[in-house]
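Asker: Residue numbers (full-length UniProt numbering), protein chains in the order written: chain W, 1 to 305; chain R, 1 to 418.
Since the hints were derived computationally from the structure, they do not count as laboratory data.
The reader is advised that the hints may include incorrect statements.
Derived coverage of chain W by chain R (criterion: at least 3 residues anywhere in the stretch with Cβ under 8 Å from a Cβ of chain R; other residues may be distant) [stated by the list, open to error]: (1) 124-134; (2) 241-247; (3) 265-275.
To give a feel for the contact side, a few chain W residues facing chain R, derived at Cβ under 7 Å [stated by the list, open to error]: (4) R62; (5) G155; (6) K156.
The beta-carbon is built from N, C-alpha and C at its ideal position, and this holds for glycine as well.
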Amino acid sequence: MAKKRPVRWHIAVFLAPAVLVYSAIMILPLFSTLNLSLFTRTDGGTGFVGLQNFRTLFGDPRWSAAFWNALGNNLWFFAVHMLVQNPIGILLAALLSLPRLRFSAFYRTAIFIPTILSFVVVGFIWKLILSPLWGIAPDLLDMVGLKSLFAPWLGKEEYALTTLALISVWQFVGIPMMLIYAALLSIPDEIIEAAEMDGITGWSQFWRIKLPLILPAIGIISVLTFVGNFNAFDLIYVSQGALAGPNFATDILGTFLYRTFFGFQLQLGDPHMGAAIATAMFGIILVGVCLYLFLIQTRLRRYQF
Amino acid sequence: MKKTLGTALLAGTVLGGAAWAEDVTLTIESWRNDDITIWQETLIPAFEAANPGIKVAFSPSAPADYNAVLNSKLDAGSAGDLITCRPFDASLELYNKGQLADLTSLASMANFSDVAKSAWQTDDGAATFCVPMASVIHGFLYNADAFAELGIEPPTTEEEFFAVLDKIKEDGTYIPMAMGTQDQWEAATMGYQNIGPNYWKGEEGRKALIEGTQKLTDEPWVAPFVQLAKWKDYLGDGFEAQTYPDSQNLFTLGRAAIYPTGSWEIGVFNPQVSFTMGAFPPPVPKAGDECYISDHTDIALGMNAKTGHPEEAKKFLEWVGSPEFATLYANALPGFFSLNSTAVEMEDPLAKEFVSWREKCQPTIRSTYQILSRGTPNLENETWNASANVVRGAETPEDAAKRLQEGLASWYEPQKAQ
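Chain W on its own, in the form it takes in the complex:
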């Protein structure tokens, strides 16, 4: 009979610090938010109402209209990032990794710098650039004779959200660029040389050899973009205010949550409805990330060099 295996205490001991810290600052607040959403304010304090806040959020015509509007705007915000930011990031990375490109370190730094700027700075600068009164955008367009194309973009319902999404793309394009650039650099020279021996060069080399090898990195970037966009708040708040004007055209889940949770002007904050929105956001992000992990991540092929 085999000897009884000793209890391996060291595993628990080594895991404990991380588990404790993570529980205290991540898991507990998460559950307390979920818990908060099950209560409501009553005359004498708070009372348990079960899922009533969620019924209001999805059932009441006003609340649900605001929620779906915010979710729809958020999806568009995400779509612009996926369609503009990530392809440009990949393109820039591909260009930067060209061996003959001069000043590549300079370009890399210059493109990455906006990422480390504060949202407040970015929002303010772009608001000034695009200002119909003092901005340089109307003058620049005037110089090339395209003044007629100028519109007060941030104040127009049909353009405001796309404009803000593009500002955010401008700010964050450095992140996919850097990640893809690193992935491209990690492709061994032998593979590239072998491809060249087989006569695959230039763009066809990129499409057939490099792109498949950097797909896992693109996957990670997509997840980061998804999570980042669905938690976005700062840029909209800085440039459009908590009411996310014009006419809620730029209202995303983050601003909707802020307005509800903390209140705005004469509207008092409602932490319980706010927590319900936060929970819905958590659910959306969770579902999105799970879809990625189980449907896409598992099908990605990995290559060992």
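Use these hints to put chain R onto chain W, whose structure you have.
Answerer: Just chain R now, kept in the frame of chain W:
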């Protein structure tokens, strides 16, 4: 020997502690970050000179964030000793939650009329929880030099108002009116609440709305929106993306001729403009109509119920309620009119012009502030959105009014019954 030393040390500590405790610092929470120099250079030194041992620190936050920041600080127990009070429900809610102290017994409360105190009382008027400081009056500022240059007079009726705007537009030197819709509140506060009282007849309409005998879809409440919809053509290019500071700058730089606003701008604009400013009250619909102005009880000071220094804070509040403070404040901040019953002598001509309207027009307060913004959707916030939409032409006056009425009727009992 050892014992004596110990006692001496102990006594020293106690005495030192007492001396330390004597200098109490009171912190004021406020949204008036524009006023920081006035508090630090005029008001606080005057109080500190008369009350040695009490230090006062003025710590404002951004106006749009104030309510959210204050609520979080009060909930967390980190708010200052003195709280600048928004009028009506925002402060009433804080009092009901036990976060603002009852100040009914303060001696200086006798210096204020019931109307002045109404914005900071319980619905039955039994308890007052903030010392009223000032009200602001809505109206229009104009560039008097530009008016002289174009040979136009300040308008008194709706018809004259649009004639003046047409003339400025025709001339082309000036943008007729400086207002943007980016921040939304300009359209509501400087637009709707500014001109509205002339149509809904001030207090009469406001009270009728609260009682439920009038609806927001009634003619007097739609009419101001109809006016706002006409403003669009007289605002500068790209007004959709124009912010409140943009509008202020357009006017103070002399690029716009008329600026719909409130008296609170006087103190901000006086040092900035290089032309003569004038003011006219909101134009009445027809010549000879009774005029109404929004004389909004805007700002008061209350005490954090959990303050560590209630005695000192009360001392400060007594001073805030005194005629001495009223004179200092009204002159340091022309455009913030004292609510103190003692008449205050003001020096600023523009402030005098604004306050003179109190004699010929009926005063009222902003229609959405009392009771009507207690529920969700919040009528005041909805009005911002609706006014901005109407000015941009994205929503018709009738649709906007209908939407506001539906929102209000969804939670407000007296409006539901209809």
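Asker: All hints are to be evaluated individually against the structure, with a verdict given for each.
Answerer: Verification of the supplied hints:
Counting residues of the stretch 124-134 of chain W whose CB lies closer than 8 Å to any CB of chain R gives 6, which reaches the minimum of 3, so the coverage claim holds. Given as covered by chain R, the stretch 241-247 of chain W passes the check, having 6 residues with a CB less than 8 Å from a CB of that chain where 3 are the minimum. Note: the stretch 265-275 of chain W has 6 residues with beta-carbon separation from chain R under 8 Å; the three-residue rule is met and the coverage holds. Against a cut-off of 7 Å between C-beta atoms, the interface hint on W/R62 holds, since the closest Cβ of chain R lies about 6 Å away.
Proximity of W/G155 to chain R holds as hinted, the smallest CB-CB distance being about 3 Å (cut-off 7 Å). Among the interface hints, the one on W/K156 holds; its C-beta lies about 6 Å from the nearest C-beta in chain R, closer than the 7 Å criterion.
Violation of the numbered hints given earlier is absent; every hint is satisfied by the structure.
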